[in-house]
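> Starting from the known structure of chain A, arrange chain B on it as the hints suggest.
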Amino acid sequence: MSSNGPMATPATAPAEADPPGLLQRLGEPRALSWIAVVVVIVAWELAVIVLQLNPIYLPRPSRIVVALYEMFRTGGLTTDLVATLIRIFGGFFIALFFGVALGVWMATSVRVKAIADNFIAALYPLPKVTLIPLLIIWLGTGGPFMLTISMLGAFFPIVINTVLGISQCDQGLVLAARDLGASRRQIIRMVLLPSAIPSIFAGIRLGLGVSIILVVAAEMVVGKVGLGARLYLAGQVLETEQVFAVLIVLATLGIVVTKIQDAIDVRLGHWRVN
Amino acid sequence: MPPAPAAAAPAATVIAVEDIGLTFPSKSGEATVALFDVSCRFAPGKVTAIIGPSGCGKSTLLQIVRGFLTPTRGKLRFVRLGAEDTAGAPPHMATVWQAFNLFPWRTIIDNVAFGLEVAGVAKAERLARAKKALAAVDLSGFEQKYPRQLSGGMRQRVGIARALVMEPEVLLLDEPFGALDAQTRLVLQEQLATLVETSGTTAILVTHSIEEAILLADTILVMTARPGRIAAEIVNDLPHPRSMATTHDPGFSVLFDRIYGLLRQEVIRAMATEGGDA
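Taken in sequence, the protein lines are chains A and B.
At position 34 of the first sequence the residue is numbered 60 (our numbering), and the sequence of numbers has no breaks.
At position 197 of the second sequence the residue is numbered 1212 (our numbering), and the sequence of numbers has no breaks.
Just chain A, with the same shape it has in the complex:
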């Protein structure tokens, strides 16, 4: 079937009137992306069986799925997942609130910006994992520590993108709002913030990603519960199937978070498309 080739489209145009064959439908990008996943998993499963690999190094996917199910059913993985989610999103929402607030303040006041600028310039590029030892000394290893490390991850990208978004606002819009009688507060709420939303959202994407990394890393270092702790413990006792199972949960978490962000982005940005 040469019609699956990329060159064939114009030449075989009349043939496209026929309902697409199975092979053609399998060649569609959406189908292909899932077929690729299935092919890799099947190949993995077969390779482990045929090459008789030691499951400590590489367990079979089917065994990983069983381990994952067992961990949820009896192993308390739900508790770990919930603990990790609370830490990530607790810190993230604190960062979102204070980050946007400080960002607005910095973008609308030259003095506040002058005061905050150097601190942010120093702290933003600092890898936040390096703060874990200091934060443990100050806060111990409990909830406050976890929330702080998560908050630190999301805070700086959100502040910086809020400042950026607001300072890029079309000054014509601000003048128009003033002309129509808007007060300073109304201009911030009804003009500056909405115009900065795409930029703030870019900050949220970056920030939430860092929060996830930091919480899992912190859990690996000091946690007793949480996905990171579970991952680390499973590795220590060479339960490779469980290691993979936790990785699957983390990857799924990443996918879900990204999809939710995409959906919110589309909803908030509907005025940008025709």
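Just so you know, these hints were derived from the structure itself, not from any lab.
Keep in mind it's a predicted model, so treat the numbers as computed, not measured.
Relax, there's no trap hidden among the hints.
Just a few of them, taken from the derived set where beta-carbon distance is under 7 Å, the chain A residues facing chain B:
no., residue
1, D205
2, G207
3, Q212
4, P220
No residue lacks a Cβ here, since even glycine has one placed at the ideal position from N, Cα and C.
Relative to the frame of chain A, chain B by itself:
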């Protein structure tokens, strides 16, 4: 007591610009004189056009009248006409912008209702008034669209509706059709002429177009190249209502030639100084 209808009691506040000058400091030490000794009066119920070469400070003058810029010299006064002229409060003003300046994330109706919303008008009332204003500029049915979905001419009609819904005593038009193509511009000029004539509002129009000035204004202020001063004040008593047919009036040609004669020298002078600056 309910407010009297606008036609019975026209806003009787004269905006008086007295010896106004505006100088922008610059880093090189050489200050830019944007306006120099400008004096003029904007009469209530009349349309005044300000015309002049690029960079002569006509938009700057409008911003001073609006109160967004403070002159470095001279005074802006609001004179309430009566048996005895008294100092009055600044009249309510609303601006139509060259760049439209619509809020892209708001629907058309929410754009038009913006001024009412910040003034605390209840939702049902402000939407009803915005809907009426949109109908007045022939945009019924576009309430739920976003600015991106409209053509330039339609967007500026939204801009006009957004200003008119505030029922301003003074309408400021800052090169309102400067960003539009020539044909759209002609049609909108006619429509705006009708809107302004029927509302009887005071209007100040900043424009590059001699035609536009003659079509819309009762008084035309011709400005010099930078530093901007008033070169001439020309009274336009061509009969109302005016339309494209007005351009065939012999009086139109006379006015046009007179204004063009004044502007020509100034434009050449402006081009020469621009060359000197560079």
